[in-house]
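Student: What follows is each chain in one-letter form.
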Amino acid sequence: MKRNYGTAYAVPQALWLTLFFAAPLAIIIVYSFLKKGLYGGVEPEFSLDAYRALANPTLITVAWRTLWVSVAATLLTILIAIPCGFSIAKSRNQAMRLFLVIVPFWTNFLVRIYAWVSILGNEGFLNQALRLIGFRPEGYQFLYNQGAVVLVLVYMYLPYAILPLFSTIDKFDFTLLEAARDLGATRMQSYIKVMLPNIRGGIITAVLFTFIPIFGAYAVPLLVGGKDSYMLGNVIADQVTKTRNWPLASSISMTVTLLTGVAVFLFTSRSHKKAEVAKDLDPRALPAEPSGDSVRAEVR
Amino acid sequence: MKGSDVTVSNVSKSFGSFRALKDVSLEIRKGEFYSLLGPSGCGKTTLLRVIAGFEEADVGTVALDGIDVSGLEPDKRHCNTVFQSYALFPHLTVFENVAFPLRIKKTPNRLVKELVYRHLALVQLEAHAEKKPSMLSGGQKQRVAIARALINEPSVLLLDEPLSALDAKLRQHMLMELDSIHDKVGITFIYVTHDQQEALSVSDRIAVMNAGNLLQVGTPQQIYENPASDFVARFIGETNMFSGPVVSRSGNITAIDAEGFGRITIEDDADILPGVRVSATVRPEKIRISNDRPAEQPLLNIVRGVVHEPVYSGFQTKYIVHTGGGSQVTVFRQHANWSEGVPDIEWKDDVYLSWSARDAVIVEKNIQ
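Quick mapping for you: the protein sequence lines, in order, are chains A and B.
When the letters of the first sequence are read in order and numbered with the working numbering, they come out as residues 1 to 300.
When the letters of the second sequence are read in order and numbered with the working numbering, they come out as residues 1 to 368.
Check each hint, because a few of them may be wrong.
[Said to hold, decoys possible] Which residues of chain A face chain B? A partial, calculated answer using Cβ under 8 Å:
1) Thr18
2) Ala179
3) Met188
4) Gln189
Hints in this document: simulated from the structure, not taken from any laboratory.
Beta carbons are placed, not taken as given, at the ideal position from N, Cα and C, and that holds for glycine.
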């Protein structure tokens, strides 16, 4: 008798996820419904205080900011990643270019953020260079604002967008662009009307890979943002380490998880409905190639 | 007559060190079904892409109706292409694929519908308008590609090996359909193919190319009956080639001492002096094969040989005959009449091959 070992193979994976994903998530859910302890921690007593506290206007401001910063950074990332993926797919030396995209991962991400601090700082490379070519000697304030946060977020998550976009564009049939040009489309029209719809899958993946981590960003706004660029990730950290309101930190976490979950669900279900119709068809439903005679009979 | 003249003047194109086109000039007439024929890598597709505007010639120009279009982008040229891979847009239905050029031009919806259905009717695909290309068979995809390329009412339709992905029977059918579409729309067709049968059966004129050079332009009959070079003679259909020095010439009858055949006479208008080496060709269907020696006639060449391999294919048998001189001759014998019991020519038979001096053609002169 043939035994199915599929289940057995899944055990390590299931254990790992239970231990390090499901269990912590469960703890957060439980904490969010408890009373806060005096110096952090929780009191074992049911309470909805943490959820009531979400209505705080400061928190709502931060939530809105987190949303628009994430949307802006994701859009920018995708806009840069599409031409990037395109040029890698078209290049003769794909392996080398892909390698260059991945190289930054060899450096710890905190180090890379500090690298940006030393580039953008008041005495940083950028200001020094500007001073050399005659801009104002006191320099410009590049760091510690919204713009710096978006810039560094885009830098951080660009590779996550380039890789899936590259792999989709690489499979794209470039003759379709020629066909579009031939049929009267300008270069731009051929990209928008023919290429974009056909690399939709890659765009969806790239958006998910960038939007989700950016929505929960913590280190980037902390290190290159100012007081006005706090994101939800920073508020949660503050609730844990400074204000020591663990239930509130948990309820904010739950909100972030739910919001991204709902956003991702809405986004993918809408996009997939359009993209997958053609692909999901059963290949057996394809009509057989008619022979010359049967076609002739059909025609007459 | 609708359609445009296409004039290709001294076009050269290189890709790196590879010279794809070497100083090619062509005059294609309005409404002509014109084929570019040659083996793969001969530059025919490159020439088509230069005409379409996908490649820019290094040297030379392309003109439609006398107007130079060399600098124009593909979307600004009044010609459309049917691609080898069809290049249908997978995300659009058949209807929207055909409507694509109209959508780009922002044609009003009602007119789009009318035009698309008229062109789908031309290729008998009205019933499939709402399908996606992935649901169509190869032949159907091909027709969508043709309808889409015609909807802009181009003056020139460029076809890049459009039938190569279809099976043999369907290919024959689509070829006839292409011919009838050409008759209906009346525009210039430029048809790229490596298949000489396809080119011979539908073209008004054929340009034979090899290694980036244009070798010969002519009607199918001219190309087949009067090849201008050994390459053309061998590439178009099957043939027998022989070569040797001219030994005598009287009137328009040339006698040559062909290697492996002996003395062969050819009727030809060419002006050749004795001593010059020439190559000549005679097509297999023009040679008679018989067990008995045919009666001597003034212009009849007779060669003896042994049947090496008969290849029966129903309507005819192809014989490969080894001559006494060590050469090999291919002969086709049509089976116009057949009755059981009549002895046929078989393997290892001693046979006589005969053909008229009028049926052989001198191809190249002064060969080395």
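Student: So, for every hint listed, does it hold in this structure?
Tutor: Hint check:
1. About 41 Å separates the beta-carbon of Thr18/A from the nearest beta-carbon of chain B, more than 8 Å, and the hint is not met.
2. The criterion of a C-beta within 8 Å of any C-beta in chain B is met by Ala179/A, whose closest approach is roughly 4 Å, and the hint holds.
3. At its closest, the beta carbon of Met188/A sits 11 Å from a beta carbon of chain B; the interface hint therefore is violated under the 8 Å criterion.
4. Given hint, Gln189/A at the interface with chain B, holds; its Cβ is 6 Å from that chain's nearest Cβ, closer than 8 Å.
Hints 1, 3, counting from the list given before, are not met by this structure.
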